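**Q** Could you build all of it, start to finish, from the sequences and the hints given here?
Line by line, the protein sequences give chains A and B.
Numbered as in UniProt numbering, the first sequence ends at 334 without a single skipped number.
Numbered as in UniProt numbering, the second sequence ends at 334 without a single skipped number.
Rather than coming from a laboratory, the hints here were simulated on the basis of the structure.
Treat the hints with caution; some may be incorrect.
Stated by the list, open to error - Result set (DSS-like, lysine-lysine): computed pairs, CA atoms no more than 27 angstroms apart in a straight line:
id	chain 1	residue 1	chain 2	residue 2
1	A	Lys208	A	Lys121
2	B	Lys121	A	Lys47
3	B	Lys14	A	Lys164
Fair warning: this is a prediction, and the values are worked out from it, not measured in the lab.
2 protein chains.
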Amino acid sequence: MSDIITLAHGSGGKTTGDLIKNIFVKHFNNDILMKNDDAASFMLSGKVAFTTDSFVITPVFFNGGNIGKLAICGTVNDLAALGATPLFLSCGFIIEEGLPIKELEAIVESMGNTAKEAGVKIVTGDTKVVQKNAADKIFINTSGIGIIPDGIDISGNNAKPGDKVIVTGTVGDHGCSILLERERLDIFTDLSSDCAPLNKMVGEVMAKTGNIHVMRDPTRGGVAATLNEIAVQSKVGIKLYENRIPVKDQVRGVCELLGMDPLYMANEGKMLIIAPDDSVDTIMSVLRNSAYGAQACIIGEVTDDHKGRVVMNTLAGGNRIVDMPVGDQLPRIC
Amino acid sequence: MSDIITLAHGSGGKTTGDLIKNIFVKHFNNDILMKNDDAASFMLSGKVAFTTDSFVITPVFFNGGNIGKLAICGTVNDLAALGATPLFLSCGFIIEEGLPIKELEAIVESMGNTAKEAGVKIVTGDTKVVQKNAADKIFINTSGIGIIPDGIDISGNNAKPGDKVIVTGTVGDHGCSILLERERLDIFTDLSSDCAPLNKMVGEVMAKTGNIHVMRDPTRGGVAATLNEIAVQSKVGIKLYENRIPVKDQVRGVCELLGMDPLYMANEGKMLIIAPDDSVDTIMSVLRNSAYGAQACIIGEVTDDHKGRVVMNTLAGGNRIVDMPVGDQLPRIC
Chain A
1 MSDIITLAHG
11 SGGKTTGDLI
21 KNIFVKHFNN
31 DILMKNDDAA
41 SFMLSGKVAF
51 TTDSFVITPV
61 FFNGGNIGKL
71 AICGTVNDLA
81 ALGATPLFLS
91 CGFIIEEGLP
101 IKELEAIVES
111 MGNTAKEAGV
121 KIVTGDTKVV
131 QKNAADKIFI
141 NTSGIGIIPD
151 GIDISGNNAK
161 PGDKVIVTGT
171 VGDHGCSILL
181 ERERLDIFTD
191 LSSDCAPLNK
201 MVGEVMAKTG
211 NIHVMRDPTR
221 GGVAATLNEI
231 AVQSKVGIKL
241 YENRIPVKDQ
251 VRGVCELLGM
261 DPLYMANEGK
271 MLIIAPDDSV
281 DTIMSVLRNS
291 AYGAQACIIG
301 EVTDDHKGRV
311 VMNTLAGGNR
321 IVDMPVGDQL
331 PRIC
Chain B
1 MSDIITLAHG
11 SGGKTTGDLI
21 KNIFVKHFNN
31 DILMKNDDAA
41 SFMLSGKVAF
51 TTDSFVITPV
61 FFNGGNIGKL
71 AICGTVNDLA
81 ALGATPLFLS
91 CGFIIEEGLP
101 IKELEAIVES
111 MGNTAKEAGV
121 KIVTGDTKVV
131 QKNAADKIFI
141 NTSGIGIIPD
151 GIDISGNNAK
161 PGDKVIVTGT
171 VGDHGCSILL
181 ERERLDIFTD
191 LSSDCAPLNK
201 MVGEVMAKTG
211 NIHVMRDPTR
221 GGVAATLNEI
231 AVQSKVGIKL
241 YENRIPVKDQ
251 VRGVCELLGM
261 DPLYMANEGK
271 MLIIAPDDSV
281 DTIMSVLRNS
291 AYGAQACIIG
301 EVTDDHKGRV
311 VMNTLAGGNR
321 IVDMPVGDQL
331 PRIC
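**A** See the structure below:
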């Protein structure tokens, strides 16, 4: 086999077949994928959640993960955010001619490992190759299917005044870590992306209480964009307390240095949970005992005031509007 | 709104929101998409088919369609090939900064129209933007979900000796048409891609008979690659009769001129159907009365001989092996 990806690997011919067998089947190995049809098939019954995400992050390998791990986590977390148990994933690769096959295998291997951790099967896929400079190394699409348990109705439309806003850990780790890698700033080398599959933690929370109104993972645009979306969708205000928002010292330091705001930085292993007051203690107790939620904090509440807006009570004691970002501090963060 | 796509359109912020509202929601409009969560949700019960495909075709607009129409047809046809009724699609866009928004809208509009023709809903999506020269105009991933009726078991593993091989129309139209566009050969300007959603035609066939062993759409690598895959999966031989394979005169002409083989050229609106002798008349009669199947032909049969191989009885009277292609005659054909 060649050492690098060539156009023939995306042809649908023998070379594609070899790549599928030697790389994808090796690491994604499961009974459904093995049927080798153009679509996977399996039994399913109930309320289904279905989501898709394309990943174009640069650099492809970063401290704490790579584009493959990120692709699995992103889709698993989007399903978990609706309260669904993620079950089946598809993956579509668009690869730039010339990518070393050992880099592809490292990416695919970590997809296989992360899928295993999350308890999901990668059941169908597709590989396209484009010529040099027609893509940037590798783009991955993952779509996913999960089942939402009976009686669960979690949606960005469901926040209610009086609800509390929880974040499951420190804010801005992913965005800040990618920024450092990209700019080759060798300060804080112990900072890494928080990229993680959150479905098992969310499942443990939901085993204790179904009384959750909204969950959403604050990726692109960070906590600020996500809470603004929810405020608009649910037609409520959201009030944050700056002194309660967990931010790592390194992230705070980098943001101060570069004039950025951790609230707008992407996270890939955090969930925002909005729930009524009487289920908050239960939720916090499960989160605090989980590896990915040990630093969970209640950072704000849903209000009847300033509908459609997020307002933050600042360290200085005043209130400021946390706007929806127009563009992004950092493109290609996921 | 800007006239071209900028990095901000992929940021997850306000500019992304405007694009979603003004372009995607406008043309994909349906109740499930409108919930605006990170995942769509809907009820489903039974045997589910799930597939994914990324589309990287160049040129993006071609005679008979564009990348958007192709993306809907490709995924709908992969589901139909398992005998599934396609229901829900996701779409993930990766767009190169600088794409004119009116080109994006033309693509999205034809996705909306094709989805309507096929009777499927686009229920969830994702948009990423990469900087100039990090992608080639636009790539689209579509994943899809369908339901396979009870008792149906159609798979590339199911071909049986004695089965007949049907192709639902002329071979090589898509590949040949793209080749002409790409090379700016202005001969045969009436030749166009066969790009079409085949699910309704397949549904009509299945309403008359469930007695079908294999269906697969011969896209990349054409009829040759697809039949080779099936021969290997089903551990059977496949015998073709060259004089029965329908090829348009223009396609034959271009292939002769350029030394290419229509059997290896991509199709985007054709299905290969392998079925037992006693259901062939029924299948052919439905196909012949359908707009997308009027030129259906029985082109060969499944044999006990030469297992894993496709052999063609040629016009000259001899037999030749139709090999699995190694690479592709034409990259980025879909």
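**Q** Which numbered hints turn out to be false for this structure?
**A** Per hint list: zero violations.
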